[in-house]
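Chemist: Start from chain A and add chain B according to the hints.
There are 2 protein chains.
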Amino acid sequence: MKAIGFKQSLPITEENSFIEFEAEKPDPKAYDLLVSVKANSVNPVDFKIRQMAATGTVLDSPKIIGWDAAGVVEAVGDKVTSFKVGDEVYYAGDLTRSGSNAEYQLVDERIVGLKPQSLSMAAAAAIPLTGLTAYEALFDRIRIDPEKDKDKSVLILAGAGGVGSIAIQLAKKLTGLTVIATASRPDSQQWCTDMGADFVVNHYDLKAELDKIGHSQVDYIMDFVDINAYWETVAEIIKPQGHIVSITGSDEPLNLSLLKSKSVSFSWELMYTRSMFTTDDIDRQHFILNHMAELLDEGTLKTTLTTTLDGFTVENLKKAHQMQESGKTIGKTVIQF
Amino acid sequence: MKAIGFKQSLPITEENSFIEFEAEKPDPKAYDLLVSVKANSVNPVDFKIRQMAATGTVLDSPKIIGWDAAGVVEAVGDKVTSFKVGDEVYYAGDLTRSGSNAEYQLVDERIVGLKPQSLSMAAAAAIPLTGLTAYEALFDRIRIDPEKDKDKSVLILAGAGGVGSIAIQLAKKLTGLTVIATASRPDSQQWCTDMGADFVVNHYDLKAELDKIGHSQVDYIMDFVDINAYWETVAEIIKPQGHIVSITGSDEPLNLSLLKSKSVSFSWELMYTRSMFTTDDIDRQHFILNHMAELLDEGTLKTTLTTTLDGFTVENLKKAHQMQESGKTIGKTVIQF
Numbered sequence: 000m001k002a003i004g005f006k007q008s009l010p011i012t013e014e015n016s017f018i019e020f021e022a023e024k025p026d027p028k029a030y031d032l033l034v035s036v037k038a039n040s041v042n043p044v045d046f047k048i049r050q051m052a053a054t055g056t057v058l059d060s061p062k063i064i065g066w067d068a069a070g071v072v073e074a075v076g077d078k079v080t081s082f083k084v085g086d087e088v089y090y091a092g093d094l095t096r097s098g099s100n101a102e103y104q105l106v107d108e109r110i111v112g113l114k115p116q117s118l119s120m121a122a123a124a125a126i127p128l129t130g131l132t133a134y135e136a137l138f139d140r141i142r143i144d145p146e147k148d149k150d151k152s153v154l155i156l157a158g159a160g161g162v163g164s165i166a167i168q169l170a171k172k173l174t175g176l177t178v179i180a181t182a183s184r185p186d187s188q189q190w191c192t193d194m195g196a197d198f199v200v201n202h203y204d205l206k207a208e209l210d211k212i213g214h215s216q217v218d219y220i221m222d223f224v225d226i227n228a229y230w231e232t233v234a235e236i237i238k239p240q241g242h243i244v245s246i247t248g249s250d251e252p253l254n255l256s257l258l259k260s261k262s263v264s265f266s267w268e269l270m271y272t273r274s275m276f277t278t279d280d281i282d283r284q285h286f287i288l289n290h291m292a293e294l295l296d297e298g299t300l301k302t303t304l305t306t307t308l309d310g311f312t313v314e315n316l317k318k319a320h321q322m323q324e325s326g327k328t329i330g331k332t333v334i335q336f
Numbered sequence: 000m001k002a003i004g005f006k007q008s009l010p011i012t013e014e015n016s017f018i019e020f021e022a023e024k025p026d027p028k029a030y031d032l033l034v035s036v037k038a039n040s041v042n043p044v045d046f047k048i049r050q051m052a053a054t055g056t057v058l059d060s061p062k063i064i065g066w067d068a069a070g071v072v073e074a075v076g077d078k079v080t081s082f083k084v085g086d087e088v089y090y091a092g093d094l095t096r097s098g099s100n101a102e103y104q105l106v107d108e109r110i111v112g113l114k115p116q117s118l119s120m121a122a123a124a125a126i127p128l129t130g131l132t133a134y135e136a137l138f139d140r141i142r143i144d145p146e147k148d149k150d151k152s153v154l155i156l157a158g159a160g161g162v163g164s165i166a167i168q169l170a171k172k173l174t175g176l177t178v179i180a181t182a183s184r185p186d187s188q189q190w191c192t193d194m195g196a197d198f199v200v201n202h203y204d205l206k207a208e209l210d211k212i213g214h215s216q217v218d219y220i221m222d223f224v225d226i227n228a229y230w231e232t233v234a235e236i237i238k239p240q241g242h243i244v245s246i247t248g249s250d251e252p253l254n255l256s257l258l259k260s261k262s263v264s265f266s267w268e269l270m271y272t273r274s275m276f277t278t279d280d281i282d283r284q285h286f287i288l289n290h291m292a293e294l295l296d297e298g299t300l301k302t303t304l305t306t307t308l309d310g311f312t313v314e315n316l317k318k319a320h321q322m323q324e325s326g327k328t329i330g331k332t333v334i335q336f
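Sequence lines, in order, name chains A and B. Position 218 of the first sequence, counted from 1, bears residue number 217 in numbering that gives the first Met the number 0, the numbering being contiguous throughout. Position 252 of the second sequence, counted from 1, bears residue number 251 in numbering that gives the first Met the number 0, the numbering being contiguous throughout.
One thing to keep in mind: the hints can contain errors.
Copies of the same chain look alike in the list, so a pair counts if it works inside one copy or between any two.
[What the hints assert, rightly or not] Simulated pairs of lysine to any residue, SDA-like, Cα-Cα distance not exceeding 20 Å:
no.	residue 1	residue 2
1	K261	R142
2	K238	F138
3	K151	D197
4	K147	G175
5	K317	Q50
6	K47	K259
7	K238	R142
8	K259	Y229
9	K151	F138
10	K261	S249
For the record, the hints were derived by calculation from the structure and aren't laboratory data.
Isolated chain A (complex conformation) (with noise of 0.2 Å):
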């Protein structure tokens, strides 16, 4: 099969930070799925990976990452139960597994949903990582009962990013929140707009920018874009017994103690947590992406696909890993084979 890969950790720019090449087929055991992949979604985590998994080094063989994708069931392993050939699927995929860069990818089913009827296999492939990493956060980390906690409130660091643009959606349908989300630029602002936003400020002196809208405390804050950068302001702005959640973080130490007058929680979110450890529960992403695309089909959630790439090409992977890496792209960018 054909899949793109690479030896080294190379600027996006050199000719072999991705390689074109000839890789065996897998052969799909127990709960694995053997995919045909149709689209495969690009996100911060695949050139974090590009960029640290072969420095200084050159793998033999290259690596295939890539771990958001659609595609069709080609073949089942003999644990299968809940999907069979020529079902369309969505999902983000297990970070330790062979991604998705390829015409074939193996996949626990347990972290497989039917792909959303309505949407295109690219629409479709925007969705996994990015809604499961939203989901995760606000039902599973943060506990938000949406009845006790109707009244509360939001706030979404980078609401046009990918994981923003679905977490908008998710908290303003799915609860009762007032939802607020950051975003600088007109484009980036109205498109926050779009995803359902009740406001949207400018991460610029964003303490004024809440007191403006009449919101100086949130009950919660969902973090997508660098919480070390925002964490004064963070412990300023978050309201007593409130929920910090972040899928960011570098290795510069949080002052925890800001928060422990205010009785104040703060969580981890990463959606490849459950299948990293195999989990007891691993199976509630294949409920999550079930119930995603139940609310994608009847209109309730709608795709934050914005650019679609045409071809599987070591072409198209380095620009839509370009993209990425400028930091300023709206919603998500997806290749379609």
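Modeler: Chain B only, in chain A's frame:
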């Protein structure tokens, strides 16, 4: 009225570490109850505040501390609706107001519960601060769902202390969690078993002790002793998607990034947060104390009182502080007026 306080932060062994004096009987306004204090419990927060509230200075008038009491309502403010004169009540109170080391004290009715009828004033006074802390930690910070989380496990660090003793009971009786408590001396280990712990482990070489009982990792950790000292072990033994709640912590920052790949959550619990910030849900403490009173009266919970000092005297208050400062007390120490 008679009161006991201090004008200087002094070692407890010094003559003037506590002094008796005459104070004006306060007047209840708005939501306040004027309570005739009948019993008063001492917690670590007492000696911490005594040690730091007047260091290197002499206050103009003595500071009255003590925030854990039972007594009788003697008068009410004009907005009071839940209590009447003559009601027997118990409460922890509000750190920003004058404490219960006095014959009379004002306390907001929204953070007061009806005293368990079956308990003496002393046995009731042992409950509020620790009970609110443990209850809020389980249900408001971790947000344990007794049904969904019934197969999970909780490790309680310092199970024989005041908060640990009631936390063991609440976790055991109100959730299906497997309860593991730490204690190092034979008497404190026996006490944890009496409180209902499924397992008691020594905190020296905690990891090996947990391996021995077949719970190498746990879903939840409640820290009531010193989170900084345990941090690396805590990061190792917490399960993916686990939740840590702590009432301790020092100025030394915690390395949160150890928890990232496991998507772990961390909460501070301070039972004074609600009263300190007059949160919208401040009356949750009224509900919790009434709920615990029911559980105590029906025998589901038992008081954690172990030592009763008879008489509201400087000598007894000094003795109670000395016991708390030792860090070796089991259960709770109460002064009966």
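Chemist: Against this structure, judge whether each hint is valid.
Modeler: Here is what the structure says about each hint:
{"no.": "1", "hint": "K261 to R142", "verdict": "both (18 Å within a copy, 17 Å between copies)"}
{"no.": "2", "hint": "K238 to F138", "verdict": "both (19 Å within a copy, 18 Å between copies)"}
{"no.": "3", "hint": "K151 to D197", "verdict": "within (13 Å within a copy, 38 Å between copies)"}
{"no.": "4", "hint": "K147 to G175", "verdict": "within (9 Å within a copy, 23 Å between copies)"}
{"no.": "5", "hint": "K317 to Q50", "verdict": "within (13 Å within a copy, 62 Å between copies)"}
{"no.": "6", "hint": "K47 to K259", "verdict": "between (33 Å within a copy, 16 Å between copies)"}
{"no.": "7", "hint": "K238 to R142", "verdict": "both (17 Å within a copy, 17 Å between copies)"}
{"no.": "8", "hint": "K259 to Y229", "verdict": "both (17 Å within a copy, 18 Å between copies)"}
{"no.": "9", "hint": "K151 to F138", "verdict": "both (14 Å within a copy, 18 Å between copies)"}
{"no.": "10", "hint": "K261 to S249", "verdict": "between (24 Å within a copy, 16 Å between copies)"}
Every hint from the earlier list agrees with this structure, and none is contradicted.
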